Amino acid sequence: MSARKPADQLMRAVLWLFGVLTVAPFALLVLTSLKSREDLIAGAFVLPDRPHFENYVSAWVDGLFGTYFLNSVIVVLPVIVISVVLGTLCDFAFAFLKLPGKPLLFGMLLVGMMVPTEAFIIPLYYEFRWLGLINTYWALILPQVGMSIPFVTLFMTSAMRQLPKDLIDAAVADGASPFRVLRYVVVPLLGPSASTMSLFLFIWTWNEFMIPLILVQDDATRTLPIGMLFFQGKYTIDIPILTAGAVITLLPIVIVYFFFQRKFIQGLTAGAVK
Amino acid sequence: MLHTNTFGNLKYVLPALLVYTAFVLLPIMASIVLGFTEWGGIGMPKFVGFANYVALFSDPMFFKALRNTAVLMVFYVALPLCIGLALAVAISNIRPGERMALRMLYFMPYVMPSAVLGIIWRWLYNPIFGPLNQVLRAVGLGALALPWLGDFNFALPAVGMVATWYYLGFCMAIFMAGLQRIDASLFEAAALEGASGRQTFRYITLPSLLPEIRIVLLLTVIASIKSYDLVFTMTRGGPANETLVANLYMYQLGFELNRYGYASAVAVIGAIFILVVNGIVHRVLPTDGDNA
Numbered sequence: 001m002s003a004r005k006p007a008d009q010l011m012r013a014v015l016w017l018f019g020v021l022t023v024a025p026f027a028l029l030v031l032t033s034l035k036s037r038e039d040l041i042a043g044a045f046v047l048p049d050r051p052h053f054e055n056y057v058s059a060w061v062d063g064l065f066g067t068y069f070l071n072s073v074i075v076v077l078p079v080i081v082i083s084v085v086l087g088t089l090c091d092f093a094f095a096f097l098k099l100p101g102k103p104l105l106f107g108m109l110l111v112g113m114m115v116p117t118e119a120f121i122i123p124l125y126y127e128f129r130w131l132g133l134i135n136t137y138w139a140l141i142l143p144q145v146g147m148s149i150p151f152v153t154l155f156m157t158s159a160m161r162q163l164p165k166d167l168i169d170a171a172v173a174d175g176a177s178p179f180r181v182l183r184y185v186v187v188p189l190l191g192p193s194a195s196t197m198s199l200f201l202f203i204w205t206w207n208e209f210m211i212p213l214i215l216v217q218d219d220a221t222r223t224l225p226i227g228m229l230f231f232q233g234k235y236t237i238d239i240p241i242l243t244a245g246a247v248i249t250l251l252p253i254v255i256v257y258f259f260f261q262r263k264f265i266q267g268l269t270a271g272a273v274k
Numbered sequence: 275m276l277h278t279n280t281f282g283n284l285k286y287v288l289p290a291l292l293v294y295t296a297f298v299l300l301p302i303m304a305s306i307v308l309g310f311t312e313w314g315g316i317g318m319p320k321f322v323g324f325a326n327y328v329a330l331f332s333d334p335m336f337f338k339a340l341r342n343t344a345v346l347m348v349f350y351v352a353l354p355l356c357i358g359l360a361l362a363v364a365i366s367n368i369r370p371g372e373r374m375a376l377r378m379l380y381f382m383p384y385v386m387p388s389a390v391l392g393i394i395w396r397w398l399y400n401p402i403f404g405p406l407n408q409v410l411r412a413v414g415l416g417a418l419a420l421p422w423l424g425d426f427n428f429a430l431p432a433v434g435m436v437a438t439w440y441y442l443g444f445c446m447a448i449f450m451a452g453l454q455r456i457d458a459s460l461f462e463a464a465a466l467e468g469a470s471g472r473q474t475f476r477y478i479t480l481p482s483l484l485p486e487i488r489i490v491l492l493l494t495v496i497a498s499i500k501s502y503d504l505v506f507t508m509t510r511g512g513p514a515n516e517t518l519v520a521n522l523y524m525y526q527l528g529f530e531l532n533r534y535g536y537a538s539a540v541a542v543i544g545a546i547f548i549l550v551v552n553g554i555v556h557r558v559l560p561t562d563g564d565n566a
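Here the protein sequences come in this chain order: A and B.
The opening residue of the first sequence carries number 1 in the working numbering; numbering runs sequentially from there.
The opening residue of the second sequence carries number 275 in the working numbering; numbering runs sequentially from there.
To be clear, the hints were calculated from the coordinates, so they are not data collected in a lab.
One thing to keep in mind: the hints can contain errors.
Each computed SDA-like pair below joins lysine to any residue, with the alpha-carbon atoms no more than 25 Å apart [as the list claims (entries may be wrong)]:
no., chain 1, residue 1, chain 2, residue 2
1, A, K5, B, L284
2, A, K5, B, N367
3, A, K263, B, R455
4, A, K5, B, P370
5, B, K338, B, F310
Values in this document were obtained by computation on a predicted structure and should not be read as measured data.
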C-alpha cells in the first residue's frame, strides 16, 4: 500500500502536522527556557537576542533544581535495583518452586496492582510518621518498591515462563540447588526482560507525584516534579527559570525515551494488552 | 521441578512480600478500617460504622466531584479512543520508517510526569502571557482568548484536553500493534470483493480490534477515576470546585481539613469504582480466548 494518491499525501501531511503539534509544547518549553524576561514580553514565539543559558544556572542553583535532581537520582537507583532483585527472587519461586499457599500469595500481589496509591496514602503517611521516616529518602524508596513489586513479579513471570524448561530441568537433574539454578541458569537469561523492567521503573519513579507530595515536606529531600510544583508556588512567576527547571526535569526522560523508544512503546503497549 | 523444601522456598518470596505488605497491603487494609471511623489525626480513631458512607451519599461536593469525573471521561476515554483509532488506521498506509517516527511524536507526552505537564500547561493556558492566547490573538481570534483555567465553563474541558493530548498517542500505539496482528489476507479479500474503506473498517478492522478497545477502555476509564496529578497542578479543583475530582476531594478532606476517616471513605469508594470498572469491562467485552 504505497501512499501516492493525492488523498493519501494530504492525510500524510495532516498526520505530520498533528504529530509536530503534539510535541510543540516541548519545543516551546526549550525556547522559553533560553529567553530573558525582556525577550518574553516580545512574544512567546519570538527568538531571544541570544540563548540565555544562565537561566539553567539559576534554576539549578537558586531554584534548587540541582538538589531535586540529585534527590530524584538517589531515589530512582535503589528503587530499580531493589525492586528488580526482590521481584526476580519472588518470581523465580512463583514460576519454578513449590510454595505453601501460592495462589493466595499471588492474589495478595494482584490487589496492589489494582488499588491506586491514592487509596492508601493516608495510612501510609501515618505509618511513616510513626516510623519517624517522614522527610527521608526511605519514605520515597520503600513505598515505591512496594508498589513496583507486583508489576515486576507479573512482568517477569511471563518472561520466566518463556525460558527453556529443558535447561532448568537439566540443571536440577545435575543436582543443582534452587539458588544455583537461579544464579547460573535463570538470571543470565533474564537480561532483556530485566532491562525493559528497569526502564519502566525508572520512568514511574522519576514521574511519581503523590508519594513525594505527601511523605516529604522539605526541600532537602524533594524530587523533581514536586520541587517544580513548589518552585512555582514560591516565586512570582519567573517563566524562563520555571521552564528551565521543567527542561531539567524532563530531559533525562526524553533521553531515555529517544534511545529506547521502540522497547518502550512495545513494552508499554504489549504489557497493557497482557 | 525444584521442590526440596516447600517452606524453605518461602525465603525467595518473603523479602518482596514483606516490603509489599508493609507499605502497600497493610495501608490498604488500614484505609478500609479508617473509612469506618472519625479521626482527626491525633488520638484514637472513633468507630462510626457506615456513617461516613451515608454522609458521602448526601454530600454535594462528592457528587460534584463525580459529575466532573463523568465529564472528564469524554476527554480521558472517548476522545483518545476515537482519535487514537482513527490515527492508527490512517497511519497504517504510511511507510514503516515514517510510521515509527510519527508514533514516537504522538506517544511522547505519555512518558512524561503528568504533574510537570500540568504545570507547563498552566503556563501555556495563562490568560495574559500564555502562548495559547498569543496564538489566538495573532490569528484574529482574540475573542476566544479566554482565561481558560479560571473560566467556569472552560476550566474542566481545558484540563480535559491536556488529558486527551496525554493519552492519545498511547491509545494510538495500542491500536497500531493491534492492526499488525490482523491477518493481512482479510484486507486483501475485502479489497478483492470491492469493499469500501468504511465497510472494511466496520466489518474487519473494528471487530478485530475488540481486545485492544477493551484494554484502552479499561486503562483510560481507570485513569479518569484516578485523575489527580493534572488537576492538582493545573487548577487545584478551582474555580469554585468546577474541576474538583474525587482524589482531590480526598486530599483536601485529609491533608487540609484533617478529616481522615471521611477522606478514607472517599478513597475506598474510588478503589471500589476501579474494581467495578475492571469487572464490567472484562464481562461486557469478552476476550474470546486470545490474550488476556
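Results of checking the hints against the structure:
A hinted pair counts as satisfied when its Cα atoms are at most 25 Å apart, and A/K5 with B/L284 does not qualify at roughly 63 Å. For the proposed pair A/K5 and B/N367, the alpha carbon gap of about 11 Å is at most 25 Å, so the pair holds. Our distance criterion of 25 Å between C-alpha atoms is met by A/K263 and B/R455, whose separation comes to about 18 Å. Restraint check: the Cα-Cα separation between A/K5 and B/P370 comes to about 18 Å, which is no more than 25 Å; the hinted pair holds.
At roughly 23 Å between alpha-carbon atoms, B/K338 and B/F310 fall within 25 Å of each other, so this suggested pair holds.
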